[in-house]
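The primary structure of each chain is shown beneath.
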Amino acid sequence: MADAVLFEFLHTEMVAELWTPDPDPGSGGQKTCPSVLESMGFRVGQALGESISLGPSLPCPALPSPALPSRLPRDTPAFREELDVLKFLCKDLWVAVFQKQMDGLRTNHQGTYVLQDNSFPLLVPMASGLQYLEEAPKFLAFTCGLLCGALHTLGFQSLVTASVAALPACKFQVVIQKP
Amino acid sequence: MSRPAYRRPEYQKINKDLFVLTYGALVAQLCKDYEKDEDVNKYLDKMGYGIGTRLIEDFLARSCVRRCHSYSEVTDIIAQVAFKMYLGITPSVTCNNASRNEFSLILDKNPLVDFVEELPAGRSSLCYCNLLCGVIRGALEMVHLSADVSFLQDRLKGDKVTEIGITFLKKLDEKKYRRKK
Chain D
1 MADAVLFEFL HTEMVAELWT PDPDPGSGGQ KTCPSVLESM GFRVGQALGE
51 SISLGPSLPC PALPSPALPS RLPRDTPAFR EELDVLKFLC KDLWVAVFQK
101 QMDGLRTNHQ GTYVLQDNSF PLLVPMASGL QYLEEAPKFL AFTCGLLCGA
151 LHTLGFQSLV TASVAALPAC KFQVVIQKP
Chain U
1 MSRPAYRRPE YQKINKDLFV LTYGALVAQL CKDYEKDEDV NKYLDKMGYG
51 IGTRLIEDFL ARSCVRRCHS YSEVTDIIAQ VAFKMYLGIT PSVTCNNASR
101 NEFSLILDKN PLVDFVEELP AGRSSLCYCN LLCGVIRGAL EMVHLSADVS
151 FLQDRLKGDK VTEIGITFLK KLDEKKYRRK K
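Chains as they are written, first to last, in the numbering used here: chain D, 1 to 179; chain U, 1 to 181.
If you're looking for bench data, these hints aren't it; they were derived computationally from the structure.
Note that the coordinates shown come from a computational prediction; the quantities given were computed from them, not determined experimentally.
For each residue, glycine too, the CB sits at the ideal point set by N, CA and C.
Mixed in with the good hints, there may be bad ones.
Claimed, not checked - Simulated DEER-style distance windows between Cβ atoms: (1) U:Ser92 <-> D:Glu17: 42 to 48 Å; (2) D:Ser163 <-> U:Ser92: 47 to 53 Å; (3) D:Pro21 <-> U:Ser99: 47 to 53 Å; (4) U:Arg62 <-> D:Leu133: 26 to 32 Å; (5) D:Ser128 <-> U:Asp39: 35 to 41 Å; (6) U:Gly158 <-> D:Leu133: 22 to 28 Å; (7) U:Ala61 <-> D:Gln101: 25 to 31 Å.
Please work from the sequences and hints to get the whole structure.
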């Protein structure tokens, strides 16, 4: 079976070839448009969100196609609570994708969540500590999109950003957008 | 290092899906960026090359293969060990010429196209899995073997089978090998 390592190698190559710096670094809070890597992560997250929550893998066109509508009804009982969804991401999605659970989840109970991973697998091979701190965000863009896409499938619009204080620990900040 | 007990079968499948879906998103992105199929193919090959040059170390560490003494052995290992290890499939190998430096890998199944039914309109020359050619080429180069690798047939293009052709370009340098021992 395809090892997790294949995804890691592909991801590293994608970062090397496709990452583009934020055109407006002074924009501060809101990001205007997702980067290429985030968009790709979003597509993948959408598909994975379905697979994991519904069980059997659903075919998902991998080539250019219109955005997939959310297939799960908003009032699916298991996910009525935002917090349930975030817990699902921290446990089931993270385990399925990275073979480990998220290490911490905090919230202000007003739609903002901080997901903490103390040894994020895509950062672990790079360094430990402050080396490559500047490069680290490139390796988080795809995963931010992945979280955003999975949330979208589960019925939530969100803004996901990531920050790194010291490798390989990182935090993903998820802000659920109210309709 | 103990392995976490997260080996539920559905999670393993998700893991495989992750790679296949990510690859699909990559091809979709490249199709947006490049109008010509040849450019997308070249880019996939280039990225594959970069991956191959690093994947070979992972492969050698995991597989403990013996040193090969012929191109035929090398091709067998690619098909029976490497493809099996990373993609869970075992292509069959045929030798295409008398001088035994041209081989074909016939892929009966190809997990990379699990979610792809057909090439999109206007993309009839797209080699969807061209990353694989680059991976093989890059990996071989790291073990001092130079080869041309390309898709000779592709089911996505309407051919009966999917066939990857490997043509080894230089003779294995026996002297180099002995020195390494």
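Each hint, compared with the structure:
| no. | hint | in the structure |
| --- | --- | --- |
| 1 | U:Ser92 <-> D:Glu17: 42 to 48 Å | 32 Å, violated |
| 2 | D:Ser163 <-> U:Ser92: 47 to 53 Å | 49 Å, holds |
| 3 | D:Pro21 <-> U:Ser99: 47 to 53 Å | 50 Å, holds |
| 4 | U:Arg62 <-> D:Leu133: 26 to 32 Å | 31 Å, holds |
| 5 | D:Ser128 <-> U:Asp39: 35 to 41 Å | 39 Å, holds |
| 6 | U:Gly158 <-> D:Leu133: 22 to 28 Å | 50 Å, violated |
| 7 | U:Ala61 <-> D:Gln101: 25 to 31 Å | 27 Å, holds |
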